[in-house]
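**Student:** Protein chains in written order, with the numbering used here: chain P, 986 to 1241; chain A, 332 to 607.
Since the hints were derived computationally from the structure, they do not count as laboratory data.
Keep in mind that the hints are not guaranteed to be accurate.
Said to hold, decoys possible - Covered stretches of chain P (chain A as the covering partner; in silico rule of three or more C-beta atoms under 8 Å from a C-beta of chain A):
(1) 1071-1080
(2) 1083-1089
(3) 1101-1108
What the hints assert, rightly or not - Here are the simulated distance ranges between beta carbons:
(4) A:L588 to P:S1142: 36 to 46 Å
(5) A:N363 to P:H1072: 42 to 52 Å
(6) A:L588 to P:Q1238: 31 to 41 Å
For glycine and all other residues, C-beta sits at the position ideal for the given N, C-alpha and C.
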Amino acid sequence: MAVTDTYSPDDSTAENVVIRIAHLRKQFGTRVVLNDFNVDLHKGESLVVLGRSGSGKSVLIKCIIGLLKPDGGDIFVLGKNIADMEHAEMDQLRSRIGFLFQSNALYDSMTIRENLEFPMRHHLRNLSNSEVNDMVMKTLADVGLAHTVDMMPSELSGGMQKRVALARSLILHPEIMLYDEPTTGLDPVTGREISTLITEVQKKYSTSSIIISHDMHCVKMTGDKIAVLIEGKCYALGTYEELERSTDHNVKQFFE
Amino acid sequence: MIIFMQLRVNVTEFCIDFNCMKIPSSLLGFFNEIGAASRFVSRYFQEVVQPRYEVKQFIKQCFLIGYRSLPLIGITGFIMGLVLTMQLRPTLIAYGVVSKLPVMVSLAIVREIGPVISALIFAGKISSSMGAELGSMKVTEQIDAMEVSGTNPFKYLVVTRVLAATLMLPVLSVLSDAIGLYGSYLGVNIRDHTSLSLYFFEVFNTLKFGDVLPAIIKTFFFGFAIGIIGCYKGYNSSKGTEGVGRAANSAVVISSLMVFIIDLITVQITDVLGLN
Ligand SMILES: Nc1ncnc2c1ncn2[C@@H]1O[C@H](COP(=O)(O)OP(=O)(O)O)[C@@H](O)[C@H]1O
Ligand SMILES: [Mg+2]
């Protein structure tokens, strides 16, 4: 087991690193949520961030995508520091990242088709209508929901909404996927379906991903590597098997 | 822009000064709110002129906002015209000037009742729905999702709605005036008999440029205030369904109050300009 108390970036593999988070700090008022958080995500890898509710997991991935501004430290995404980015450059980068929100964040006044078309209206403006339609139908088929294309989000079950949200975040074929608690709030069977779907999608779209979760089944299925987030730090980092054997009380409690 | 920035600085300093003097936190909160709202307004003016323009969404909002309020504003306008006429009639008869009924009613409707009643109905209908709609989009992370998909949510949601409200309320208010005057014509005809053409001949003879124009101009300000307050409340609503409810509710209360405040200001201005 590797407890990361000191951070030493391994520059020999730098070109393989798609996301590098170094000394990240974020606080709201006086409450420090992330404090000196370090982790690397390598190409093709899927990293699970494990942590209790309110430990700052969502804050972490919102910092990566630029929805929240860090108070200190650096985040390098695909080789660039996001703090230095202009608005247009950030938009460009975001088109290469898919984000699955915890609450799905489907636009409830739009049909499923319009939901999926939404990311394309900015990034792929030159496509013809039939090309757009093909992409929508193909991506929906990948999550097994091609028949819902003209429905409204409210007509779908929680699991189906999650699939549609996944399809929407995949539609621009991102290189990186960020999942915020993809199975939370779903029943165990549906949760397992979503976990399976995530692993399938990883292969098919060959994405590198960060998955936030505290559902151990999902963690085991989807994660190559697990980072345990405790008190704003990356407390432990290792594979599922390594961490499962850990004798550290703080790590053990997740696996009980 | 610069004025707003200065305002912001002043407001903060103001609060710090007051802090030392132990001024209640509610007052502090009030000034903070004013500061945040001014920043929101200044952002609106920045974004409304910068490309890219969400034309399609703007047209859709104009249609939705105008169409959704038209029946209610039409009905209230009609009733106000009718009731006003019936209630004024006995008094005018007592003073022997019942022939001046169209004059009085048309002035009241066009200058004050039409614009203000339409604005209040509009505030109740549109400001609250903006507050609730944007509030729930905020709470369910839909606004964040837009941002992540490369669409500027402020432009897409706020600018289009505020602009649509600013342009639609004057149109609705003119329609309400027309329907109100027709209601008044029917009110006259309950007891007396006039032809429609004679009635409107009298009305248009009375109304001057100085009656109509300020009344129309103030509805642009009403519309803007109603739109921006609804959007501000929704866009900044706090987490949870309770926050959404509160956003919708305070949007209606504040924008209705704002309508009267703007009305008060415009009457002072027209007075100074000698238009009253
Ligand atoms: N926008 C915000 N303003 C203030 N506090 C926030 C904000 N977002 C998150 N927090 C605080 O940060 C902490 C971590 O939140 P979050 O990352 O959502 O937790 P989780 O690990 O369950 O996803 C919480 O205590 C929350 O209160
Ligand atoms: Mg969370």
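**Student:** Hints first: check each against the structure and report whether it holds.
**Tutor:** To see whether the hints hold, each was checked on the structure:
no.	hint	result
1	1071-1080	holds (count 3)
2	1083-1089	holds (count 5)
3	1101-1108	holds (count 5)
4	A:L588 to P:S1142: 36 to 46 Å	holds, 43 Å
5	A:N363 to P:H1072: 42 to 52 Å	violated, 27 Å
6	A:L588 to P:Q1238: 31 to 41 Å	violated, 53 Å
Taken one by one, the earlier hints fail for this structure at numbers 5 and 6, listed in ascending order.
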